[in-house]
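Using my numbering, the first residue of the sequence shown is number 1424, and each one after it goes up by one.
No lab work stands behind these hints, which were simulated from the structure alone.
For every residue, glycine included, the Cβ atom is placed at its ideal position computed from N, Cα and C.
Hints are not guaranteed to be accurate.
As the list claims (entries may be wrong) - Label-pair ranges, simulated between beta-carbon atoms: (1) G1590 - K1626: 54 to 60 Å; (2) A1460 - S1513: 58 to 64 Å; (3) G1607 - D1796: 32 to 38 Å; (4) T1734 - A1698: 47 to 53 Å; (5) H1788 - F1462: 41 to 47 Å; (6) D1641 - G1590: 42 to 48 Å; (7) I1708 - M1436: 51 to 57 Å; (8) E1619 - E1654: 20 to 26 Å; (9) T1571 - R1473: 38 to 44 Å.
Claimed, not checked - List of simulated lysine-lysine pairs, DSSO-like, C-alpha gap at most 30 Å: (10) K1512 - K1582; (11) K1653 - K1767; (12) K1728 - K1569.
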Amino acid sequence: MRFLFGDSTEFQMQIDFLSLLNNFVETSVKTIKLENAVFDLKETIMDRRRLKNSVTDEMDNFILTVENAIGGAVARSKEQDTIVKYAEKSREFLKKYIEDGKTKFTEEIFQEITQFEKKIEEADEENRKLLESFFIYDPIPVIGKKYTIKVTEKGYLAKVQVNCEGGISCLFDLASNESPFWKGHVRVRDFEKGVEIPARMKKPFLKKELVPDIVSLDDFLLCDLILSDKELEVVFRRRQDIKAEQFRMKMTFNDEISVDVSHAEENGVEKDIIAVPELKIELNILRLQELGRKIVEQTNYLYPKKQRLKTILLEGKDVFEENLVFMLMQKVAEIFAPTVVEIKKRSPSGEELSLKSEDEHGTRHEIYLKKSDVKEKLDTIGEKGRKLYELLDV
């Protein structure tokens, strides 16, 4: 499928941008309404807390006032021996009555707050799902990815942080068990067979001089992996046990690939292999570079396995924890705006945004999005919707 502007010139993005824009508008309306509800609930919780504090303070003041009044009455009484006994009973009765009332009132307020907090959690979860359905298809340009993979008893926990334009980062779980390669535990031989590393200097039997001890990595298990755009760090262990013998490989992919390798004995501390001249000479850097390339290749194959959105960060701040959904959608609108303007400029009608799709047979179909429909949808969220409409420059 090929996409064209409304004037039949080539559309650089080669996607149905108008469907994406309409999806953005509908997602914005739903998520901002939910966030507005969260703001209202949080304000209600603050009101309830203020009410609780105000009422309990008044109860405390009431007890103090009555106790002072009783004390004054006792002091003025000519029958103090008689009245003191009854005055003390009155104090105890009143104090218990007020304290019981405070406890009951406080419990009722906290029960209300718990219900409001549950509604906030439900709204946040609904927002997470809505934003997941939008961001999982990479609607804005991706500028980098960071994979994290950790071994479990039967397989791996994997996630990817997708860094996008505008300071937006989406953190997704990866369904590694749906990949034939990553379904179970992966060993070095699954990437590259016959990789060897000089682990330590040892003294052979009946010889005086130390020589490098060459260890085959074939059966070593991949246990931890971090892969960003140009950096790879991976840990291989003889067993899954964290105390097992291990190798850590760090690789930087620039114009020249740099490799750093460390080794730890069973229950030992890591030692830099390259720091030992005799071991450095024996280290086959080219073989390790090839191993690193294949690890990167297999890791990148996991990207289409994105599934659950864990969170979204905007300039490093958690969108859900800090209620930044509206700010997030404003940022997306700013990113979309130049494309909207270009489509508007090349659309034959001033009332619509238009693109064309062309199939493999050359048959073209018109794609339209009415400007009035966009405005009508965004108007349902008031001033915030009007702000998005202004940023999109529809």
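query: So does I1708 sit 51 to 57 Å from M1436, Cβ to Cβ?
result: violated, 41 Å
query: Is the straight-line distance between the alpha-carbon of K1728 and that of K1569 30 Å or less?
result: OK: K1728 and K1569 at ~14 Å, within 30 Å.
query: Are G1590 and K1626 spaced within 54 to 60 Å by their CB atoms?
result: At 56 Å between Cβs, range holds.
- prompt: So the hint says 32 to 38 Å: do the beta-carbon atoms of G1607 and D1796 match that?
  reply: The hint (32 to 38 Å, Cβ to Cβ) is violated, given that G1607 and D1796 are roughly 50 Å apart.
Satisfaction of the hinted span 41 to 47 Å by the C-beta atoms belonging to H1788 and F1462: holds, 42 Å
field: Distance restraint hint 20 to 26 Å, applied to the beta-carbon atoms of E1619 and E1654
entry: Check passed, 24 Å falls within 20 to 26 Å.
query: Can the restraint linking K1512 and K1582 be considered satisfied, given a maximum Cα separation of 30 Å?
result: violated, 66 Å
message: I want to verify a distance hint. Is the separation of the beta carbons of D1641 and G1590 within 42 to 48 Å?
response: holds, 43 Å
message: Hinted pair, alpha-carbon criterion (30 Å max): K1653, K1767. Please report holds or violated.
response: Since the Cα atoms of K1653 and K1767 sit roughly 38 Å apart, the hinted pair is violated (cutoff 30 Å).
query: Per the hint of 38 to 44 Å, is the separation of the Cβ atoms of T1571 and R1473 within bounds?
result: holds, 43 Å
message: Range first: 47 to 53 Å. Now tell me if the beta carbons of T1734 and A1698 are that far apart.
response: violated, 40 Å
message: Against the range 58 to 64 Å, how does the distance between the Cβ atoms of A1460 and S1513 compare: consistent or not?
response: At roughly 49 Å between Cβ atoms, S1513 and A1460 fall outside 58 to 64 Å, so the hint is violated.
Taken one by one, the earlier hints fail for this structure at numbers 2, 3, 4, 7, 10, 11, listed in ascending order.
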